[in-house]
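Asks: Could you build the full structure based on these sequences and the hints that come with them?
Each chain, letter by letter, is given below.
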Amino acid sequence: MSSKSQAAQAGQALWAKMPKANAELFALTYGSLVTELVRDYEDPIEVNAQLDRIGYSIGVRCVDEFLSKADVAGMGLTTQCQNLRDTAEVVAKMGFKMFLGIQAEVGAFSQDQRCFSIYLQDNPLSTFVELPEDDPSGGEDLRRLKYSNLYCGVIRGALEQVNLKVDCNIVRDTLKGDELNEIRVELKEVLADGAGDDYKEE
Amino acid sequence: MSLSALAIVGRHRTPFYMRDFTIDADNLSSFGIYGQGGLSEAEFFGDHFGIADDEAIEKTSSAWPCNLHHQFLLQAACNQLEEALREGRWRPNGSGADACWVGSVMTSDNYKAFAYVTTNVIYISLIEDEIASDNPQVLKSHDNDLKNLFANIHRLYTDHLLNPFASPNSKITSKRFDLGVIHLADKFNGR
Chain A
70 MSSKSQAAQA GQALWAKMPK ANAELFALTY GSLVTELVRD YEDPIEVNAQ LDRIGYSIGV
130 RCVDEFLSKA DVAGMGLTTQ CQNLRDTAEV VAKMGFKMFL GIQAEVGAFS QDQRCFSIYL
190 QDNPLSTFVE LPEDDPSGGE DLRRLKYSNL YCGVIRGALE QVNLKVDCNI VRDTLKGDEL
250 NEIRVELKEV LADGAGDDYK EE
Chain B
3 MSLSALAIVG RHRTPFYMRD FTIDADNLSS FGIYGQGGLS EAEFFGDHFG IADDEAIEKT
63 SSAWPCNLHH QFLLQAACNQ LEEALREGRW RPNGSGADAC WVGSVMTSDN YKAFAYVTTN
123 VIYISLIEDE IASDNPQVLK SHDNDLKNLF ANIHRLYTDH LLNPFASPNS KITSKRFDLG
183 VIHLADKFNG R
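Protein chains in written order, with this note's numbering: chain A, 70 to 271; chain B, 3 to 193.
Worth flagging that the hints you see were computed from the coordinates, not collected in a lab. Heads up, the beta-carbon is just placed ideally off N, CA and C, and yes, glycines get one too. Any given hint might turn out to be false.
[Unchecked claim] Derived CB-CB ranges, DEER-like: (1) Tyr110/A / Ala86/B: 45 to 55 Å; (2) Asp136/B / Gln190/A: 48 to 58 Å; (3) Asn191/B / Lys234/A: 36 to 46 Å; (4) Gly170/A / Asp136/B: 53 to 63 Å; (5) Lys86/A / Asp145/B: 30 to 40 Å; (6) Asp180/B / Gln180/A: 22 to 32 Å; (7) Arg130/A / Asn171/B: 52 to 62 Å.
[Said to hold, decoys possible] Partial list, derived from the structure: chain A residues whose beta carbon lies under 10 Å from chain B: (8) Phe95; (9) Ile123; (10) Asp140; (11) Pro201; (12) Glu202; (13) Leu211.
Replies: Structural data, given as structure tokens:
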């Protein structure tokens with residue numbers, strides 16, 4: 070499919086233009102964010118929800134930058150995504166590439182074309198991380214912590230700004246022993262453009 | 003020559019990690035490393051010190067996967083090293099691994115203890131020498147092998163510290179670190 074390779078190439082070009090940061094510093098910053106949250110909230114489910122919220126606020130801001138830069142890379146307003154498949158390609162090949170520099174794959178499209186999965190081979194957020202073993206003295210089970218839940222929030226926030234309401238979940242995690250990271254994205258609904266009605270009133 | 007035990011000690015003499023690597027440690031005087039249920043030394047010699055003592059022994063020795071004999075030797079070596087550092091008998095010179103290398107700090111039976119000092123962590127290893135050698139060449143290569151071993155363990159330690167869930171002042175409970183050290187020890191012992 071030409072759109073696939075087009076997205077990959079555009080992603081590469083965008084990544085080249087972005088300012089780079091030190092990967093270790095990035096991973097350590099995220100690591101201390103997560104451990105602070107764990108210390109504050111203690112319940113791993115609550116921490117997952119907080120990470121999702123933090124990711125959401127990152128996503129709503131990133132998407133505008135992405136769309137403005139994507140114009141330059143040849144994937145602007147004129148070449149809109151026709152369906153969820155295109156959206157998935159853009160998010161994985163261009164979005165993840167541009168902001169994190171990693172190659173993400175899409176797959177596992179559902180029958181009704183409303184769900185898909187994003188696969189990440191390596192995860193820059195979880196370099197050096199090892200989830201602690203079960204605390205025998207009865208501490209919280211950190212196995213239920215979704216360390217990279219930030220990604221779910223970012224995807225959710227970004228797609229909501231373009232009127233796609235989605236639900237994201239991490240289904241496979243290398244920190245828990247799986248071979249790769251998998252994020253499952255499900256389209257809940259396509260929102261109608263809100264601003265249009267207000268303008269019409271006046 | 004083989005590595006019998008390793009201790010990693012932080013500031014204020016707090017131990018982060020103590021482990022021994024000999025095969026017979028598992029059979030004879032192990033107090034049940036990883037649930038092996040070895041004979042306690044009390045039973046081995048036919049004495050019976052009472053249940054309370056057995057439990058106390060069980061507790062202290064299961065705190066570290068290292069039998070008591072080795073623990074005592076490691077502690078003694080640590081004392082010697084602390085004294086030497088305090089009296090200024092050793093100064094770092096050279097660069098890299100050479101700067102951190104202290105050398106032999108204690109000899110006991112057929113065990114020798116070697117130390118490697120980094121900014122805030124001390125590594126002490128117990129080496130069992132079957133054949134003592136006076137040949138300086140052999141001693142030098144012996145020292146170099148140990149220096150490399152310590153440098154690798156130090157690298158593993160820094161990697162472990164980068165884990166956000168690891169606290170710099172507490173016991174090292176990471177499986178990854180443990181497996182890494184065992185692997186290095188096996189390579190060193192030629193197993």
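Asks: For a quick check of understanding: which of the numbered hints are violated here, in increasing order?
Replies: Hint check: 3, 5, 6, 7, 8, 9, 10 fail, others pass.
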